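K.L.:
Construct all of the structure, not just a fragment, from the sequences and the given hints.
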Amino acid sequence: MSWRRICAADSVAERTLKKFEVDGIPVIIANYGEGFRAFPPVCPHMEEPLEESGFIEGKVLTCSKHLWQWDLGTTEMTGSETEKPMHFYEVKEENGDIHAFIESEHEYEFDEEDEMDDDDFFNS
Amino acid sequence: MKITVQTKGGQFEYDVDTGETLLAGALRNGITLPYECATGTCGTCRGRIMTGDCHMGWDEAPGAARLKREKGDCLLCQTTATSDALVRVPSSKVTDHFERGHVPCHCKGTLTNSRMLTHDVMHFDLVLDRPLNFDAGQFVTLSCDQVVGARAYSMVNYAADAQILSFVVKHLPGGGFGDWLFGEDVDGTEVSVFGALGAATFYPEEDRNIICIGGGSGIAGMMSILDRACQEKYFTDHAGHVFFGVRTMADSFYLAELASFAEQAGENLSITVALSDEDPGLKRHPEFDALKLDTGFVHEAASRAMAGRYDNAIGYVAGPPPMVDASLRVLVADGKLPVSDIRYDKFS
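One line per chain: the protein sequences are A and B, in this order.
For the first sequence, our numbering assigns the number 1 to the initial residue and increments by one for each residue that follows.
For the second sequence, our numbering assigns the number 1 to the initial residue and increments by one for each residue that follows.
None of these hints come from the bench; they were simulated from the model.
Note that the structure is predicted; figures quoted are calculated from it, not measured.
Mixed in with the good hints, there may be bad ones.
To be verified - Under the rule of at most 20 Å between Cα atoms (straight-line distance), these lysine to any residue pairs were calculated in the SDA-like manner: (1) A:Lys84 to B:Leu67; (2) A:Lys92 to A:Ala9; (3) A:Lys84 to A:Glu34; (4) B:Lys336 to A:Ser53; (5) B:Lys336 to A:Met77; (6) A:Lys59 to B:Leu337; (7) B:Lys346 to A:Ala9; (8) A:Lys84 to A:Pro41; (9) B:Lys336 to A:Ser80; (10) B:Lys336 to A:Glu57; (11) B:Lys233 to B:Asp207; (12) A:Lys18 to B:Ala333; (13) A:Lys84 to B:Gly9; (14) B:Lys2 to B:Asp84; (15) B:Lys336 to A:Tyr32; (16) B:Lys71 to B:Ser91; (17) B:Lys71 to B:Asp59; (18) B:Lys292 to B:Glu257.
P.N.:
As structure tokens, this is what we get:
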């Protein structure tokens, strides 16, 4: 069972995001106006807590720390500053509730930059 | 010592002097290694020492917290070499020349004209031993024999081939250079200067309206932008909106200078002093009529005044981190500015 009920859909207002915890796993639910997204609660850049640093304008999520941006409509990176993709959990809305498909907590690898590993330093 | 840098975009070689950081050596040779704060805080100038004897001076630098030290990772802004060295830098954007702006250099300055502007804010000038070219909005790092480590300060003035640099510093206890500055009579002291650095720059040829939101001593770089803009009569055909946040009237400074900019520029330049902890009950400053007054946080004052006026604007932001955060939200969410049109130096 990896679909987990996170919250009532009406508990996250349009163009806001909120942090929840389900089975010990922290997750953010963002309402971008045309739907919901679920993702880990930290910016993939430098671990900023997105429930504080994140805000939604249009469909775009911005982390105010360094202005990295992701389009919540497409889940793609956007803006001129963003260098890493955001990890999204699959979400669905059912009977007024938001569910996310979370096998296990996704954690970004902050200190182990692939490109700094000697073997593939010049390969990408 | 000869330093070889391997990057994903190619290999570069340059010489560093004894005691010179690997970052400073690269930049003054025109090699564009990534950096932001240049003083150990942000962690952007990460590199990995592959061979050679290198030493990272400030071991506890905040920006070093997540480095893999056992693999040779270091902050190049804190690292010096005592032999030739091979360094890897995880960037694909390094080049051997500056697209825009001036290649930084080392020089010496003699501290002069230090004076208190408020109970905890000081102005001082440095008379340089050689002229320095910089862009309005940039900063330099300063260090001296009396203090360990370098601190970054934005220039307040603007001049081509500048012989004098002006600075404003707010006293934050625990900052080595700051404590020294505020602790004794510092006029006449020789200071080592490296710069200019930073990307929160103003270029008149970009032909944009400008929004400046500065908190406290964060106004420094914006004073430099206004200085250059007024020298070049920029506001005859561009709009400028400046918001200067301080706690109370007693915490404000540079008001005569700001009023002078507003008078020179005419109606296209609007300067508002926002007082977060005091309601003056006035729309205009009682002494400097060219300056508007507002009450509340500076980003709120900016948000109120700018509604519907973001057309063709570039936003500059500087100040304490919560104020910077709130102001960036205003520019992105209210102003709908693309983040490429927002300039601020990321010191954390």
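K.L.:
For a quick check of understanding: which of the numbered hints are violated here, in increasing order?
P.N.:
3 and 7
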